[in-house]
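If you want the building blocks of each chain, they are given just below.
There are 2 protein chains.
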Amino acid sequence: MHSLPEPILELTDTLCRLPGIGPRSAERLALSLALNQDGFDERLIKALQRVRETIQLCRNCGAITDKEHQPCKICTDERRETGLICVVEKSTDTLNLSKAAGFNGRFHVLGGKLSPLNGVEPEDLNILALENRISKESINEIILALSSDVEGEATSHYLAQHFTSQGVKVSRIASGLPVGGGIEYADELTLSRALSGRLEMKITN
Amino acid sequence: MHSLPEPILELTDTLCRLPGIGPRSAERLALSLALNQDGFDERLIKALQRVRETIQLCRNCGAITDKEHQPCKICTDERRETGLICVVEKSTDTLNLSKAAGFNGRFHVLGGKLSPLNGVEPEDLNILALENRISKESINEIILALSSDVEGEATSHYLAQHFTSQGVKVSRIASGLPVGGGIEYADELTLSRALSGRLEMKITN
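Protein chains in written order, with the working numbering: chain C, 5 to 209; chain W, 5 to 209.
Calculated from the structure, these hints are not laboratory results.
Be aware that a few hints might be false.
Copies of one chain are not kept apart here, so a pair can be met inside one copy or by any two copies together.
[What the hints assert, rightly or not] Derived DMTMM-like pairs: lysine to aspartate or glutamate, alpha-carbon spacing no greater than 25 angstroms straight-line:
1) 77 x 145
2) 103 x 188
3) 206 x 10
4) 173 x 57
5) 103 x 46
6) 206 x 127
7) 173 x 188
8) 94 x 127
9) 71 x 192
10) 50 x 155
The structure presented is a predicted model; accordingly, all values stated were derived computationally and were not measured.
Put together the whole structure using the sequences plus the hints.
Here is the structure:
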């Protein structure tokens, strides 16, 4: 058998590290890039370089922004509710939450979750900046939107304890049945959370 | 809702054109590239540039090679059988075929298949170069390894007619049941080809 030229193997190896790209897809992508006819690879290089030069994290909340919007558009949007911050783990989480209806406050990216086993302690997270924002932006309520795994839960509890003692209202997003999901597919823990978090249906005649 | 910075949207749009990458995966890849911590994007740009600068098609057979191996390693490999050429559509086809055991000849990439509806005529394919190779490399047999769709079949028939009239033996790879495939999953046409292409089992006691 003959093997591919080394630059293609190197590109395959590099593409392999992207999320969701396995060795077979990486090879197909690398070959497609190597054999492109119409300068596609050049366009990709330019797009990558542009992202590299312009994309930054917002210096206020940690969300994704570019050089020209620092602080980011959400932080500087005056139509947004003041006094309300939604705390998330990763900067990409702000995208999905801002697409969801019903939240009109600002965000704060923690940059991870507490994980003593992996050596992630409170001082490794972006908590000090959150404290500063709470006093500076006169925040009344923090909504915790962390993942509902063990580490996410631990982080939520830590933050709740930390900030309620400072007189800030702390809430967390609800756990429950996904919209469109049937009872038969839900696990017991989710059902138990959905039950304990039940909301009264107020029907006005 | 707030949208992503424009350079990320542009990168998403560019990545979307790669084979097997849909809008959702493209966005995930673009975000991962934009947020990389350890210079991964730079590594990818370098790998792409290197592919761009070094990868070429073999000037003899049309397979993928690099600047330093022109003609390619297969064309210049003296241990390979002379007189035998396997004709394929795309340069990537040579990779899979050279991994398969049982073929030790050289390749020739047509660069497509006949498709009158799309305006692909014999003169648009790499057939003249194949003719030159047949006389220059004193080829006895051409194996056609084209896809078994309508256009591939038409191309095979055209080439068979063209080259048998010049006294060259032309064969084609077998159609039949994939190895590991069951009868119940095969379509009728494949089964009919598998039947007509049956091989006698010679058992010596």
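Right, here's what the structure says about each hint:
| no. | hint | verdict |
| --- | --- | --- |
| 1 | 77 x 145 | within (21 angstroms within a copy, 67 angstroms between copies) |
| 2 | 103 x 188 | neither (28 angstroms within a copy, 47 angstroms between copies) |
| 3 | 206 x 10 | neither (67 angstroms within a copy, 44 angstroms between copies) |
| 4 | 173 x 57 | neither (39 angstroms within a copy, 58 angstroms between copies) |
| 5 | 103 x 46 | neither (32 angstroms within a copy, 30 angstroms between copies) |
| 6 | 206 x 127 | neither (43 angstroms within a copy, 76 angstroms between copies) |
| 7 | 173 x 188 | neither (35 angstroms within a copy, 64 angstroms between copies) |
| 8 | 94 x 127 | within (16 angstroms within a copy, 56 angstroms between copies) |
| 9 | 71 x 192 | neither (46 angstroms within a copy, 61 angstroms between copies) |
| 10 | 50 x 155 | neither (39 angstroms within a copy, 37 angstroms between copies) |
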